[in-house]
Amino acid sequence: MRGSVAAELLVARRRPSTWILLGTWTLLALVFAYAVPYVQYLNGSSRRPLDDVLPQHLVAQLMAGFPFFGGVFALQLGVLALGSEYGWGTLRTLLTQRPGRLSIFAAKMAGLALTLVPFVLVVDAAGALASYGIALREGAGVSWPSAWLLLRGLGAGWLILAAWAAFGVLLAALSRGTSLAIGIGILYSLVVEGLLSALASEVGLLDRLVQLFLRANGYSLVAALGVSPADTGDRGPGSFSGPFVSGGQALVVLSAYLVVLLAASGWLLQRRDVT
Amino acid sequence: MDDLVVETRDLTKRYGNHVAAVDGLTMRVRRGEVYGFLGPNGAGKTTTLRMLLGLVRPSSGQALVLGSRPGSPEALARTGALIETPTFYPFLSGRDNLRVLARHSGVRESRVPAALDEVGLVESAGRRFETYSLGMKQRLGIAAALVKDPDLLVLDEPTNGMDPAGMAEMRAFVRGLGRGRRTVLLSSHLMTEVEQTCDRVGVISRGRLVGEGTVDELRGGEQLWLRADPVERAEQVLRALRGIGQVARVDGGLRVAAGAAAAPAVARALVEAGVALAELRPERASLETVFLELTGEATA
Numbered sequence: 000m001r002g003s004v005a006a007e008l009l010v011a012r013r014r015p016s017t018w019i020l021l022g023t024w025t026l027l028a029l030v031f032a033y034a035v036p037y038v039q040y041l042n043g044s045s046r047r048p049l050d051d052v053l054p055q056h057l058v059a060q061l062m063a064g065f066p067f068f069g070g071v072f073a074l075q076l077g078v079l080a081l082g083s084e085y086g087w088g089t090l091r092t093l094l095t096q097r098p099g100r101l102s103i104f105a106a107k108m109a110g111l112a113l114t115l116v117p118f119v120l121v122v123d124a125a126g127a128l129a130s131y132g133i134a135l136r137e138g139a140g141v142s143w144p145s146a147w148l149l150l151r152g153l154g155a156g157w158l159i160l161a162a163w164a165a166f167g168v169l170l171a172a173l174s175r176g177t178s179l180a181i182g183i184g185i186l187y188s189l190v191v192e193g194l195l196s197a198l199a200s201e202v203g204l205l206d207r208l209v210q211l212f213l214r215a216n217g218y219s220l221v222a223a224l225g226v227s228p229a230d231t232g233d234r235g236p237g238s239f240s241g242p243f244v245s246g247g248q249a250l251v252v253l254s255a256y257l258v259v260l261l262a263a264s265g266w267l268l269q270r271r272d273v274t
Numbered sequence: 000m001d002d003l004v005v006e007t008r009d010l011t012k013r014y015g016n017h018v019a020a021v022d023g024l025t026m027r028v029r030r031g032e033v034y035g036f037l038g039p040n041g042a043g044k045t046t047t048l049r050m051l052l053g054l055v056r057p058s059s060g061q062a063l064v065l066g067s068r069p070g071s072p073e074a075l076a077r078t079g080a081l082i083e084t085p086t087f088y089p090f091l092s093g094r095d096n097l098r099v100l101a102r103h104s105g106v107r108e109s110r111v112p113a114a115l116d117e118v119g120l121v122e123s124a125g126r127r128f129e130t131y132s133l134g135m136k137q138r139l140g141i142a143a144a145l146v147k148d149p150d151l152l153v154l155d156e157p158t159n160g161m162d163p164a165g166m167a168e169m170r171a172f173v174r175g176l177g178r179g180r181r182t183v184l185l186s187s188h189l190m191t192e193v194e195q196t197c198d199r200v201g202v203i204s205r206g207r208l209v210g211e212g213t214v215d216e217l218r219g220g221e222q223l224w225l226r227a228d229p230v231e232r233a234e235q236v237l238r239a240l241r242g243i244g245q246v247a248r249v250d251g252g253l254r255v256a257a258g259a260a261a262a263p264a265v266a267r268a269l270v271e272a273g274v275a276l277a278e279l280r281p282e283r284a285s286l287e288t289v290f291l292e293l294t295g296e297a298t299a
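One line per chain: the protein sequences are A and B, in this order. Okay, so the first sequence: first residue is 0 according to numbering that gives the first Met the number 0, each after it adds one. Okay, so the second sequence: first residue is 0 according to numbering that gives the first Met the number 0, each after it adds one.
Calculated from the structure, these hints are not laboratory results. Remember, predicted model here, so these are calculated numbers, not experimental data. Any given hint might turn out to be false.
Stated by the list, open to error - Partial list, derived from the structure: chain A residues whose beta carbon lies under 10 Å from chain B:
(1) Gly2
(2) Ala6
(3) Arg14
(4) Gln39
(5) Tyr40
(6) Asn42
(7) Ser44
(8) Arg47
(9) Pro48
(10) Thr89
(11) Leu90
(12) Ser102
(13) Arg136
(14) Arg270
(15) Asp272
In this text, a Cβ means the ideal position worked out from N, Cα and C, and glycines have one as well.
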């Protein structure tokens with residue numbers, strides 16, 4: 000199993016799409032979490048106080064981008080992790096090696112889980128540098144969030160990305176490819192979760208359904224880390240203004256998503272013929 | 000039983016309610032032989048090999064590969080395979096692709112250079128797979144099958160896409176593999192490939208095994224072919240001659256079921272009966288003729 004995980008990490012490390020997604024996600028996170036708010040502050044917007052982009056608000060400022068924007072990147076990473084194997088035909092090459100199908104799948108998922116770690120760490124490190132730079136430029140005092148809050152932020156970020164990546168893996172397993180899976184995944188995140196979440200405040204029946212969505216639970220988890228619900232309601236296609244659930248419930252639901260989606264994907268892989 | 004590396008019994012694969020891709024296939028591959036799996040395109044060769052590797056589940060029937068269930072870690076650990084076109088990560092070099100497979104297989108990475116060397120790919124090992132020619136891809140596929148130093152090699156159309164020189168080299172290579180302790184199961188639709196490479200041949204048609212044996216066994220015994228005048232009288236004389244099997248009229252001549260040793264007696268009998276003998280020669284059915292007859296694809 001360790002050998003298989005090492006093999007998967009070698010593939011992930013050398014795969015150009017891993018680096019493209021990591022770079023794009025980091026860049027967008029910096030633009031939306033720091034560059035835009037800072038420019039708005041410089042332009043005298045009263046909605047953007049300087050405090051938001053200083054190191055003390057690092058966790059809240061970055062975490063707000065994970066439930067939707069980060070999620071879409073993780074979804075693509077998940078689709079590519081399994082779907083590309085169908086596209087290239089490498090799945091049958093892998094499945095004729097020594098381990099059984101579930102061992103190969105477990106190794107792939109372990110590799111994916113580890114690949115997601117830099118997606119959290121790099122964005123956090125880049126955010127820390129950006130906020131520190133802004134503090135220096137503005138001559139503001141630098142105080143960092145507590146280590147415990149940082150750790151919880153990293154964990155929450157990873158869990159949100161992992162749940163979305165698992166969704167991508169399932170879509171790839173269902174469609175046995177990448178294009179359709181990415182298309183449906185983005186459509187689902189934007190249209191189904193996005194529109195229904197927006198309508199939830201007007202249609203009471205939708206309220207309970209929306210509470211089960213990845214978007215609602217992702218935003219609820221980051222809200223528990225200090226992200227203001229007022230901020231998440233104004234984020235373009237990733238907007239979310241409720242209903243929120245408790246942080247604990249969000250943790251359980253996202254973990255359940257992760258387990259159920261991966262179990263379903265593993266079951267599909269185990270059961271189907273590979274041609 | 001220990002001598003059987005692959006054994007199937009009534010192996011069947013049906014897709015939905017359609018015609019079976021493989022229909023009650025029973026075959027045995029013995030240890031140390033190069034077994035040719037010969038059949039036209041769509042006969043069920045690749046489906047059978049996929050079932051033997053656990054990629055496709057049989058609808059019914061049984062199979063054992065190296066004494067274990069097909070696709071089990073025990074069987075796969077000792078099996079190297081190349082199914083249809085070689086498939087690897089396009090962005091990885093040939094060497095890194097083999098490293099990935101070695102790690103998955105639990106094999107030491109020191110096996111990788113040896114496998115590359117065996118197929119003559121050492122110099123190109125650092126190039127990305129996507130830049131390889133078809134022939135190089137095929138070689139890398141063979142190298143991947145060899146990384147585990149397997150007891151059984153399953154090769155599906157290994158010379159696909161190769162130029163004539165490459166094909167000849169690959170056949171000699173496969174032949175060499177079979178001379179060691181390895182068993183090779185080779186599928187092909189090319190008669191010459193099977194004829195030159197394999198110890199035994201199984202002919203598959205429409206999912207069924209329609210013939211099995213050595214190439215000589217499949218081609219059958221030697222025959223005599225003759226042209227004589229009048230042919231009716233010649234046929235009459237030969238039917239009465241002792242030690243002669245069947246006599247059949249073919250293309251205006253006669254085909255006689257007898258070996259070359261019977262030729263003098265046949266000639267003498269015909270001359271003594273006043274028949275003009277224009278041509279007499281030993282003849283043997285080509286593998287192609289046998290194949291077309293077995294698969295029912297011979298033209299009327």
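Hints, one by one, checked against the model:
1. Annotation: Gly2/A was flagged as interfacial toward chain B, and the flag holds, the nearest CB pair being 4 Å apart, inside 10 Å.
2. Because the smallest distance between the Cβ of Ala6/A and any Cβ of chain B comes to about 4 Å, under 10 Å, the interface hint for this residue holds.
3. Checking Arg14/A against chain B by beta carbon gives a least distance of about 6 Å; that is within 10 Å, so the hint holds.
4. Because the beta carbon of Gln39/A sits about 40 Å from the nearest beta carbon in chain B, more than 10 Å, this interface hint is broken.
5. At its closest, the beta carbon of Tyr40/A sits 42 Å from a beta carbon of chain B; the interface hint therefore is violated under the 10 Å criterion.
6. For Asn42/A, the shortest C-beta to C-beta distance to chain B is roughly 43 Å, which exceeds 10 Å, and the interface hint is violated.
7. At its closest, the beta carbon of Ser44/A sits 44 Å from a beta carbon of chain B; the interface hint therefore is violated under the 10 Å criterion.
8. The closest approach between the C-beta of Arg47/A and any C-beta of chain B is roughly 42 Å, which is over the 10 Å cut-off, so the hint fails.
9. Because the beta carbon of Pro48/A sits about 45 Å from the nearest beta carbon in chain B, more than 10 Å, this interface hint is broken.
10. Taking 10 Å as the C-beta contact cut-off toward chain B, the hint placing Thr89/A at the interface holds, the least distance being around 5 Å.
11. Interface hint status for Leu90/A: upheld, as the beta-carbon distance to the closest one in chain B is roughly 8 Å, under 10 Å.
12. Given hint, Ser102/A at the interface with chain B, holds; its Cβ is 8 Å from that chain's nearest Cβ, closer than 10 Å.
13. With 10 Å as the threshold, the beta carbon of Arg136/A stays out of range of chain B, its nearest partner Cβ sitting at about 40 Å, so the hint is violated.
14. Interface hint status for Arg270/A: upheld, as the beta-carbon distance to the closest one in chain B is roughly 9 Å, under 10 Å.
15. Given the 10 Å rule on beta carbons, the hint for Asp272/A holds: about 4 Å separates it from the nearest Cβ of chain B.
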